[in-house]
Structures are given as structure tokens and as C-alpha cells.
Amino acid sequence: MKRRHNPILTFLFAGLILLFTGGPVVLSLIGSVVPDRILLNSDAGLFDEGINFETYRYVFTGELPAAYLTEGANRAMISDAARQVPRSLWNSTVVAFAAMVLNLLLGAPAAFLFARYAFPGKKISFLFLILSPLVPTVALVTPIYMSLQAVGLVGTQLGIILVHTAKALPFTVLILSVFFRKMPAELFEAAMLDHCSRFQAFTRIAVPLALPSIGATGLFAFMLSYSEYMFSMVLSGDAETRPVSVVMAALARNTDVSWSLLNTGIFIAIVPTLLLVALIWRFAVEDLLGGSVKG
Amino acid sequence: MASVELEQVSKSFGKTEVIKDMSLAIKERELVVFVGPSGCGKSTLLRLIAGLEEMSAGTLRIGGKVMNQTPAADRGVAMVFQSYALYPHMTVAENMGFALKMIGTPKAEIDRKVAEAAEILDLGDLLQRKPRQLSGGQRQRVAIGRAIVRKPDVFLFDEPLSNLDAELRARMRVEIARLHKELKTTMIYVTHDQVEAMTLADRIVLLNKGRIEQQGAPLDLYEAPANRFVAGFLGQPRMNFIAVAAVPDMSGVTREAFTLGLRPDAIEILDGPRPGAVPGRIIVVEQLGTSTLLHVQLAGVADLVTVEWRGKAAHKAGGDVWLGLDPAKGHLFAADGRRLAL
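Residue numbers (the working numbering), protein chains in the order written: chain A, 7 to 301; chain B, 193 to 534.
One should not assume that every hint holds.
Said to hold, decoys possible - With a cut-off of at most 25 Å between alpha-carbon atoms, the simulated PhoX-like pairs for lysine-lysine come out as follows: (1) B:322 / B:299; (2) B:322 / B:293; (3) B:207 / A:129; (4) B:376 / B:305; (5) B:373 / B:343; (6) B:305 / B:293; (7) B:322 / A:188; (8) B:207 / A:128; (9) B:257 / B:376.
Don't read these hints as lab results, they were simulated from the structure.
If we strip away everything but chain A, and leave its shape as in the complex, we get (with noise of 0.2 Å):
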């Protein structure tokens, strides 16, 4: 007899997880909208004084919020690097963006090619992708570092966009080369007899038929890219590249922080990453679960 599970404890553990995962993004954009003094008293009501957008004006016009305006308040919390907010989410974009498109213009063809063909060394090049990620990035911080000084990109977008594209790409062909191995040899068996060269067969075949997969590897490539830190940090120069993880972990350092502000910027940083999801998670999901392959 099956057993049949339940529901209550069903709903625990997605509570659970939604608050785990759903909780910080409520409380930072409570944080955002409600002002300091509010925050820091334990005991005023959170919505005493309603919401106001006053930090959000202050990010992307520099207008100051009206209580450090006021004598005695200490304008030093309200942090520059604020400011540089809406540039670096730009920044964050499109170096994010690139990474993306790179690694799927790099890894898509890799990972058909690993999961389709023989050819010598396939054991160990696959090998060596899947361990790459096993070296821990602080190690591999200063050869980097001396890698693309030797080539004039420190402190570039390209330098961070290439290093962010070989950080995400092992996890591209990896996850890709399983569902183009998934699809059945047949398929491209028929495409080779009507006419397909080994490309036209993954032009044509492979990928739109992996499209949602391929979606869905886009977006962890750029979610990978959207949150390091310490490649970004290393190789950024100054706030005209400077990514948004830069910018967060500036805004955060400074013990005398708004915490209005930081979680303004924490929000704000959100946004894209939310959009992208929204964007891309569903199509690629109910695609994924629907079962394109199956013909």
C-alpha cells in the first residue's frame, strides 16, 4: 500500500524554504521603505510613520532623505557608494549579460560535442572541466590577476566578463552535455542521413530542441556571474566598472551604514536578477517537465 503523505507536513517544509529563501527579500524591502529611526527603535511600531521612498530618491538622484538633513544627524551614514548603485547594477548587466552569452556560445557546442562524439582525449579534457571547479577562487586570484594585467584588462569589464565566462562554463557543459545525451541517437542518426553536417545537426536539431535547457543554463550563468564578488572586487577599477557586488559589500562594510540605505541598495540589486527569473524560469520549467524531447 502506498503511503500517503502529509499535506500539514507538506506545507511546513515549503514554509520552511520560502522563508528561507522568500523572507530577505520581504525584510529588505521593508527595511527600504521605512526610515531609520523607526528601525533602530524597538519600540515604535514598524508602520508608525507610514513608508517613504526617501532612500530610493536618494539613490538615483543624490537629494538627501530629509532627517540627515536636520542638525546633529550623522551625515557620514548616508554612504557615497550608494550612489553608485544604479551605475554598477548597469555594470553588473552587462558583464552578466556577456558571461551568459559566452558561456553559451562556448558551451553549448562543447558540451554537444562531449555528450555526441568520440574523439582522442575526451576522457580527461571532461575530466579536468568537471574538477576545475574544485580549486578554490582565492587560489586562483593573484595568477589571474597577473594573467590579465599581462594583458591590459585589470580593471576592464572584458577582463571580468572572460573570468566570469571560464568560472560558470564547466557548469554549462556539464548540465548541457546531459540533456543533449538524453536525446535520442536516432534523431540525429536521420539528420545525418538527410544531409546534416555534425553542425547543421546541432543547429538544427540539438538546440532548438534543448532550448529550454539551454535557457535555464543562461540563467545560472548569469546569476553566477551577477553575484561573485571576489573576482569582480579584484579585477574592477574604478565605479564606471565597478559590478554591483562591489558596490553592496562597500555599502555594507561601513558599520555607521543607514540601514534604510543598505537595504534600499540590497533591493534595488534584487531586481534584475528577479526579472531574468521571471522571464526565463517558467518558460524553461514547464518545458523541461513537459517533455520537449519526447517524440
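For chain A, the structure is supplied; the task is to place chain B on it using the hints.
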């Protein structure tokens, strides 16, 4: 249309030799069926002809031209796969026209040829559907249509009906036979189903363990099997094999031990004992409608003997019967499986 010739072809996967030194000539317009148990090499042989596998040794000629090094697409063959292998993201029309599109055929001509093939197969209403919106039988017809559109010299079918239910399989069998008459093309058809082989083939090539056991017209193989394997493979229900020990016959000459092969319809059910009759007990009765299969236990025979009974009298499991086993209606096989003269 074209002839297909294999000359001393071998194929090994690593150390396993799947096709052993095989020679075979298929005439133009012939419908040849490769049949055999799973693992006999029949699919591999088809894939060698298609160019999906490379031969380890030997020569392959299609239409008189050596094709050993020719890429699959340029051999003038079209293949219908067991899983149909339709492109899931393309419509039926796109599936069928894909090969032509890949060699740069003008769109108008593709459309015309697809429409032509669709008409032959009665697919006209389905052209804009995707494969997942089709039933198994429809997918099968699209797969055949995709082959027809290419106007190949040789059609290759790799167990095309094995994913269909029994009724559909019977219908598609007739359809393929009709297509062969209509298209007048050489066809090579692989199946493990001996009914398909018997009904479709101009010539059956019966394979076992990478070798040809026997080839010829279906009825020739049925009536004069070269050995015990062929006799046992063709015919439904299967031939009964009864081991006969080496005993001296009436003239005192001891014949070697042999096996008597009797088809179920060659065994008589007698009313009572008579010289040469053998008693047995009915273990299982299978009613087929037009006939009844009796599975009978004979004394000293390990396997049950199957008897096809077309008479009216009802037989019940557990009952006793007398069977008339007439060697003249059967085949004798030596211990090594080779056929013996009666």
C-alpha cells in the same frame, strides 16, 4: 531503385564480431526481409548498408557502385527508424521536407514533393501538426513519408512496426506491401517478427549469430528449412522438436540419434490407440477461435508438444489423447541441427 551487394562483409564492435564474413546480393525492386532473434546482427547489417556504421571488412555496392567510404546521406538510401526519429520541433511537412531543404531544393518543389508523398500515405490533413500531436500509427506514416520524399534508390526499414499495437501493425504491414508495389523500389526490411517476414518478403534472409542461416522465398524456408534453427524460427505456433534416441531399426542398422520436427498442424489427434500412436495428457488448452492449441505432455518428452486442432470435439485440460506423429509430415534434424533426409 538499385541493387545492393555485400561481399564478405564483417563488422566487429571491439572484440565482438557481430557480422561474420557475409555475402549477399539483393536484386533491384526486391523486398528483402532480414529476420532473426535479437542480437543476430540484422539491425547492424542494415546500419552498415545505410552508412550509420562502418564495415570492418568487405565491400558494399549499391547500384553497382562501391559505397564503403560514401557518407550515409549520399548513398541514395532512406531509412525508417524503429522509434520513427521524427524531429519533435518541426511540423509533419517540415519533417518530410527536411532532407530536400538541406540540399537546397527550392521551396515550391519541396512543397510539391511533400504533398505528393502525403497523398500516397493519406497524411494531407496532418501536415501542419507537430509529431507529439500524432498517434503512433500516424507517426509511423510520417516517418515513411519522410523516406518517400527523398525518392531513394533503396528503402531501409528498421523494425518499423514494433512500437505499434497488433491491429495497427497488421494494417501497416499491408500498407508497406502496397507501397512496395506502387513505388517499385528496392526495400530492405528488418524485423524479429516472423509473421512480418513471411507476409512481406519476396525473399527472407534468416540471420543467426552474425551469419546467414538460410535465404529464399518465405514458403521455401517454411517448407524446406535448412536446419533446426530455421525450422524453429519460422512458423507460428512454433515447430515441435521431439528427441529420438539412437535405436536399431527393423533391419538392425543403428541410426544416429536425431530430432523429429513436427509443426503443430502436422500432428494428428486420434480417436483411440492405433499402431504408431502416442498417448499424452493435455496440460493447457488455448482457444484461438478458428483453431485450438493443445499443449500435450508426452511420456519421455521434456517439452510440451503443441498440437493445432481444427476439429469440433472439445478437449479439456487434464484429458488424455492419442497423437499420431508421422515422420513423413515432419523434418529430421541431426544433433548438430543440420537437416537429415527422411
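Structure-based check of each hint:
The hinted pair formed by residue 322 of chain B and residue 299 of chain B meets the criterion: a straight-line CA distance of about 20 Å does not exceed 25 Å. A distance of roughly 18 Å separates the Cα atoms of residue 322 of chain B and residue 293 of chain B; the hinted pair therefore holds under the 25 Å criterion. With a CA separation close to 21 Å, the supplied pair residue 207 of chain B and residue 129 of chain A stays within the 25 Å bound. Taken as a hint, the residue 376 of chain B and residue 305 of chain B pair is honoured in the structure, with Cα atoms around 17 Å apart against an allowance of 25 Å.
For a cut-off of 25 Å, the pair hint linking residue 373 of chain B to residue 343 of chain B stands: about 15 Å separates their Cα positions. Distance restraint check for residue 305 of chain B and residue 293 of chain B: the Cα-Cα separation of roughly 12 Å lies within the 25 Å cut-off, and the hinted pair is therefore satisfied. Pair hint residue 322 of chain B plus residue 188 of chain A holds up; C-alpha atoms about 20 Å apart against a cutoff of 25 Å. At most 25 Å may separate the alpha-carbon atoms for a hinted pair to count; residue 207 of chain B and residue 128 of chain A meet this at roughly 22 Å.
For the hint linking residue 257 of chain B to residue 376 of chain B, the alpha-carbon distance of about 20 Å falls within 25 Å, and the restraint holds.
In summary, this structure violates none of the numbered hints.
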